[in-house]
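Chains A and B, in that order, give the protein sequences.
In terms of the working numbering, the first sequence is numbered consecutively and its last residue is 221.
In terms of the working numbering, the second sequence is numbered consecutively and its last residue is 644.
None of these hints come from the bench; they were simulated from the model.
Here the structure is a predicted model, which means the values were calculated and not measured.
Keep in mind that a hint or two might mislead.
Residues from chain B that face chain A, not an exhaustive set, calculated with beta carbons under 8 Å [claimed, not checked]:
{"id": "1", "residue": "539"}
{"id": "2", "residue": "546"}
{"id": "3", "residue": "548"}
{"id": "4", "residue": "556"}
{"id": "5", "residue": "557"}
{"id": "6", "residue": "606"}
{"id": "7", "residue": "609"}
Glycine included, each C-beta is placed from N, C-alpha and C at the ideal position.
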Amino acid sequence: MDLFRDCLDKQLLDQNKQRMGRVDGIIIEWPSDGQPRVAYVEVGAITVIDRMHTMLRQALLPLLKRAGALTDRYRIAWGKIHVGINEVRADVDAKQTPALEFELWLRKKVIGRIPGA
Amino acid sequence: MKKIFEIALGIVTSVGGFLEIGSITTAAQAGAEFSFQLIWAIVLGGLCVIFLVEQSGRLAAVSGHTIPDAIRERFGSNYFLFLLVVIGIVSLLVMAAEFGGVCVGLEMATGIGFQWWAIPVAFVIWLIIWKGTFGVIEKGVSLLGLVTLCFVVGAIAMRPPWSQIVHGVLPTLPVHDKAHYWFVAVSILGASISPYLFFFYSSGAIEDEWDESYVGVNRVIATGGMSFGSFISVAVLVLAAMLLLPQGIKVEHYSQLPLLLIPVFGKTGFWLFVASLGIACLGAALEITLEIAYLAAQGFGWNWSENQRPLDEARFSLVYTGTILLAMLVVLIGIDPLKLTVFSMALTAATLPVSIVPFLFVMNDKSYLRDYRNGWISNTVVLLIIGLAFVLSLVSIPLQIFGGS
Numbered sequence: 105m106d107l108f109r110d111c112l113d114k115q116l117l118d119q120n121k122q123r124m125g126r127v128d129g130i131i132i133e134w135p136s137d138g139q140p141r142v143a144y145v146e147v148g149a150i151t152v153i154d155r156m157h158t159m160l161r162q163a164l165l166p167l168l169k170r171a172g173a174l175t176d177r178y179r180i181a182w183g184k185i186h187v188g189i190n191e192v193r194a195d196v197d198a199k200q201t202p203a204l205e206f207e208l209w210l211r212k213k214v215i216g217r218i219p220g221a
Numbered sequence: 240m241k242k243i244f245e246i247a248l249g250i251v252t253s254v255g256g257f258l259e260i261g262s263i264t265t266a267a268q269a270g271a272e273f274s275f276q277l278i279w280a281i282v283l284g285g286l287c288v289i290f291l292v293e294q295s296g297r298l299a300a301v302s303g304h305t306i307p308d309a310i311r312e313r314f315g316s317n318y319f320l321f322l323l324v325v326i327g328i329v330s331l332l333v334m335a336a337e338f339g340g341v342c343v344g345l346e347m348a349t350g351i352g353f354q355w356w357a358i359p360v361a362f363v364i365w366l367i368i369w370k371g372t373f374g375v376i377e378k379g380v381s382l383l384g385l386v387t388l389c390f391v392v393g394a395i396a397m398r399p400p401w402s403q404i405v406h407g408v409l410p411t412l413p414v415h416d417k418a419h420y421w422f423v424a425v426s427i428l429g430a431s432i433s434p435y436l437f438f439f440y441s442s443g444a445i446e447d448e449w450d451e452s453y454v455g456v457n458r459v460i461a462t463g464g465m466s467f468g469s470f471i472s473v474a475v476l477v478l479a480a481m482l483l484l485p486q487g488i489k490v491e492h493y494s495q496l497p498l499l500l501i502p503v504f505g506k507t508g509f510w511l512f513v514a515s516l517g518i519a520c521l522g523a524a525l526e527i528t529l530e531i532a533y534l535a536a537q538g539f540g541w542n543w544s545e546n547q548r549p550l551d552e553a554r555f556s557l558v559y560t561g562t563i564l565l566a567m568l569v570v571l572i573g574i575d576p577l578k579l580t581v582f583s584m585a586l587t588a589a590t591l592p593v594s595i596v597p598f599l600f601v602m603n604d605k606s607y608l609r610d611y612r613n614g615w616i617s618n619t620v621v622l623l624i625i626g627l628a629f630v631l632s633l634v635s636i637p638l639q640i641f642g643g644s
């Protein structure tokens, strides 16, 4: 498997086939006494910003933090990940994870209060 | 039989949804100032958009992916964010121009200043998206948009000089106002090759649950719909060349545009123009609003579909609500909708490479398209469009400065 091509940036679905974001990052661990191994995939706005150019990242981070637009990064163990063709599935319930924290907050506090939602 | 019905409906909705404020304005300006000489720009833009729309639909039908999906996956998050910012800003300006077009239509109908209509129009656009389904927006508004065929009827009724029209299909050099000639040509291309068209089309194919069996349907709809749509733009240009140019009227305000139809249809022509402007701009405003929300949702992997309840896709709903509010603010500030239209068309042309270059890579990706990848003809055309896009991006801003007025 080519991690960059087959996993990074792919649509991430949960165990109920609900969209829970994209694979924003891949964490590789390299123990001092062993081989490198893929440990987690990461989801979250901070991870996306981490991939930007340093100067852009340094300029954006404080602004986004002040605006409250940054959600925590969320890691899913590689063992729970199934890489398919142009999509990645995770054996988790998205609603129980921080990946949908903002979506659920928005549903409850804003969108859900508008008639007809 | 079902497929034939879908093809017919697809072509009809594409035709009805083709004309918008950018194509009306730029075609009318071209005809009023350069007679039939700029028909080639509409034809060229139409040909480009046929290929790009067909490819967007083919990608969606075969892979179940939209263009923004594929761009995020193949080009990474940084390029996607760059695309989101660039296309987001340009689309917002185009959206504000369309929004302004609806308000101007209402101003013409009622005599009440266009800014007063900003809030009611924003509410109506939001309500249609909030309560409506994709089918209502795609088919309902586009079917109403068939009123724009009045331009074609009007152009034929004027008994135009067909030989001059055919001559206009071939590019010729300007004899006067060279910078302005090229600026209008660039604006026509910007209005025709709008990224929102093919981004929205690929999202629509997913909304309509197209699969591999729709590849042929897609080809016919893209070719037929965009060809007939371009034909309406040519009709606007022909009317402007025959009615505005002899009177020395340059299009400097929307109130001049009903003159395209009044000589043909009498007083009814005024109302036909108002209806055409209002409905065409409303349809385009709905599509662009959704396109911005689709772009963000698909790139970030959120839940999205116009067929779901807003509650089930809160971030998607938030983006289109915010987009409508921002466009409303632009109109409320009082920026002249005509100037905004001309500027946003030139800006669209300037940013075309950002959205078109990825086509060359995505449409040759075996993991998405398997046996339906681009052949050498499609690839050659995409390369030519990319070349054209780079030329447009380089010349549009200088031309805006030197030939924009």
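Determine which of the earlier numbered hints do not hold for this structure and return their numbers in increasing order.
2 and 7
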